[in-house]
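Residues per chain, in single letters:
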Amino acid sequence: MTSLIILVIAAILLGGITLWKQRSPAQLREIPAFTKLAHALGLSIEDGKRLHISLGRGSLLYARGGSAFAGLALLRNIAERTSVSDMPSVASAGDPALGLLTQDTLQAGYQAAGVDELYVPTSGRVTGLTPFSYAAGAMHIAQDENVSTNIVIGHVGAEVGLLTESSDRNNVNLIGASDDLAGQSILYANTQDPLIGEELFAAGAYLNSDATHAASLTVQDIFRWVIILVILGGATAKFVGVI
Amino acid sequence: MRILTAIIAIAVGFLVLLGYFFPQAAPLQILLLDWAIILAGAAALVGFFNIAIVHLDKIGHRDRNAVYSAILVIGLFATFIFGIILKPQHPYMQAFALNGIIVPVEASLMGLLAVSLLYAAVRLLRRRADLMGIIFIVTAGIIFLGSATLPFGDVPFVGTLLRPWITQVWALGGARGILIGVALGTLTTGLRVLFGADRPYGGK
Chain A
1 MTSLIILVIA AILLGGITLW KQRSPAQLRE IPAFTKLAHA LGLSIEDGKR LHISLGRGSL
61 LYARGGSAFA GLALLRNIAE RTSVSDMPSV ASAGDPALGL LTQDTLQAGY QAAGVDELYV
121 PTSGRVTGLT PFSYAAGAMH IAQDENVSTN IVIGHVGAEV GLLTESSDRN NVNLIGASDD
181 LAGQSILYAN TQDPLIGEEL FAAGAYLNSD ATHAASLTVQ DIFRWVIILV ILGGATAKFV
241 GVI
Chain B
1 MRILTAIIAI AVGFLVLLGY FFPQAAPLQI LLLDWAIILA GAAALVGFFN IAIVHLDKIG
61 HRDRNAVYSA ILVIGLFATF IFGIILKPQH PYMQAFALNG IIVPVEASLM GLLAVSLLYA
121 AVRLLRRRAD LMGIIFIVTA GIIFLGSATL PFGDVPFVGT LLRPWITQVW ALGGARGILI
181 GVALGTLTTG LRVLFGADRP YGGK
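Protein sequence lines, in the order shown, are assigned to chains A and B.
Residue numbering for the first sequence follows our numbering, starting at 1 and increasing by one per position.
Residue numbering for the second sequence follows our numbering, starting at 1 and increasing by one per position.
Here chain B stands alone, though its shape is the one from the complex (with noise of 0.2 Å):
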């Protein structure tokens, strides 16, 4: 069975890749992604079905912030229940669940994410006193000084010039690096994959 496995994957795998390079494959490519979307639109329902199964558990167990986990699965399944009636589209749909909880829910966290930043920051130093740190934190610090919206403009010098400078020069040139050095390692990942080295489908 697991042999059956490794070889329908790879197959599809080879199928999907032909079909970027010889146009003759690509109804064949594109049949194949639509089986993997729909495939994918059944696992959010098994994603649902995990999150429930999870939560239900701690509250069974009485966990520490069983609380927690029984708001989340009453929020989860009305969600459900009342996007399956209403569809998702649908005003009271839009109002309550996405522009009133989802929404404001993920801003909060955002702002809570940007306290926390600045904390870990500031605590840099502490956990890492090497150059680099220092780099990091003084970097960040003109970026900041740099995009500020002041009341007397940009500060001179820095929002003109050092910081256009870092970040087009410098950063980006940092960043492409980075991003080759994902490319690179995105490719020999996948070759594995495909060539069943590495199977994330079970089986040894």
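Chain A with its partners taken away, still in its complex shape (with noise of 0.2 Å):
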């Protein structure tokens, strides 16, 4: 029932917060890792180059589909921006859902940008239905189509150093995030401005200024607050003898 309690506690929050945000714009701390992702964006259409958004191997079937869910409303926004473009973006998935939810997604950022029509249905592909098969897949969109920058976000383990090892290679710029612990340690290792934890979750807000998205990180900062003062509350009670 707790779980529930809190669930219930945070669509309340996130409604309301939704509602105050609208009015309100809300101002974000500076994350360079976005920052790049933004210039990268705009000089991926002026260079005639494209962008390459993985999205993981996170079934959505799974808790990991999360990770997944807030890299489709990336894939959304940069499909919308870049479906003009002559090199317009590529997806890839290692997942069969997530791969058709990409190209519907990609289908839908197209749509929205009023070119339904320079839709290629390829542009999203599955590249492998394990780990290092989706990341051998992956790692070859680099190499072979022009590609100016990679974007990982979503569930990676350890096979994401293949892709960042590919993309070192053939001088493209990685912007990389995920819920993977493993996967983690490795784009801190290999990108620039890494991003830790829940920046994989910011995403949106970032790039779409849509007050749900900016709703969403003020409810995890009050909720990373009542977290903390809950676990330094225990930690005190204990010391004490409370509990």
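Since the hints were derived computationally from the structure, they do not count as laboratory data.
It is possible that part of the hints are untrue.
[As the list claims (entries may be wrong)] Restraint-style ranges between C-beta atoms, simulated for each label pair:
#, chain 1, residue 1, chain 2, residue 2, range
1, A, V242, B, T160, 30 to 40 Å
2, A, H39, B, A78, 20 to 30 Å
3, A, H39, B, P91, 49 to 59 Å
4, A, L43, B, I166, 33 to 43 Å
5, A, S24, B, L131, 27 to 37 Å
6, A, R29, B, L56, 20 to 30 Å
7, A, I9, B, I74, 22 to 32 Å
8, B, T160, A, L181, 17 to 27 Å
9, B, Q24, A, Q22, 34 to 44 Å
[Claimed, not checked] Taking beta-carbon pairs under 8 Å as the criterion, some of the chain B residues facing chain A (in silico):
#, residue
10, G19
11, L32
12, W35
13, N50
14, V54
15, D57
16, G111
17, L113
18, L125
19, R127
20, G181
21, T186
22, R192
23, A197
24, P200
Yeah, the Cβ is synthetic: ideal placement off N, Cα and C, and Gly gets one too.
Using the supplied hints, reconstruct the complex from the two chains, each of which is provided in its own coordinate frame.
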């Protein structure tokens, strides 16, 4: 029942803060990786190069699907912005259901930009169904298809090392975030501006300036402070012998 | 049509969620999840054709590295056809496709990854020579030294005291902090999808 209460409180907070954020836009701290991503979006169109968005292999049937949804929100935004480019973005996934949603999201981005006819179904791809086959398939996109920036966002583990290595070898920028600890540590060592932990879920708010995404960040902050206070309170109570 | 899609998706999402909290909704939740698993299986078939079309397209356009695409397509169709005829559990399929190709190739990629990670660790200081980069390298060095199997056993102090202290106190605390952040992000992302603010099933 505790989890239901937490869920209801989170839902009420999200709804309330969204209404509030619609009236007063959010002031977000600068995250260098998202600043770089915004630049990469503009430069890719000018340079005639494409972006490759890799959404990992988070199955939507499990909790890892959360990071996949965050990646899809980012993909939707990028697809809309780059759809009119000579070299439109390509997206890859390591899970078949996520691959289908990738294609649908790309198409939705094209429709929103009013260029539905330019959409190519093969721009959304399933590159493999095991961790390494997915990475091996995705790393060749940067190599073969005139990519300026690789954006890895979603559930990726140690196999992301192959993608970072490929990006580095081909002088392709890499922006990466994973909900997996092994993937995060590898991205930390291999990227100029790493995204850590929940920053993965902030991509929508930074690129979209949408009230719901900004409200999500505030709800996360509120819950984080509550958790910090509970941990500190529990440790203090244990220390003085109350519990 | 898009409104109908959104209504169905949100309703199904709420019904599945209710199944976790109210036992009365559990049978419906199980039914819906069974449907989702069947659809995910069908999506695997779509994924198969997606891989085939992308690589056939590359072969057709004689793209750079099209020869690799040709090898992939041959392997893909051979595995698919023999998998249907013999069934995946057949000893020949296990010996040839699984133990003969998939396992050794993935193991060699893992080996390649180990080398590339070592190289990345060396380059880290060149890429980001800040305090966190130095802490990262020093910590990784201590963990390697403390975990290595050496002829004379554990390195005194490093293997017995320093490594366990770093992994079980600092690293575990940091990992929990990161995972709490990821869990909070997943919670709010899930709520956005549930309320229809994010619609990964198409439409604006």
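Against the structure shown, which of the earlier numbered hints fail to hold, in ascending order? Failing hints, ascending: 2, 6, 7, 10, 11, 12, 16 and 18.
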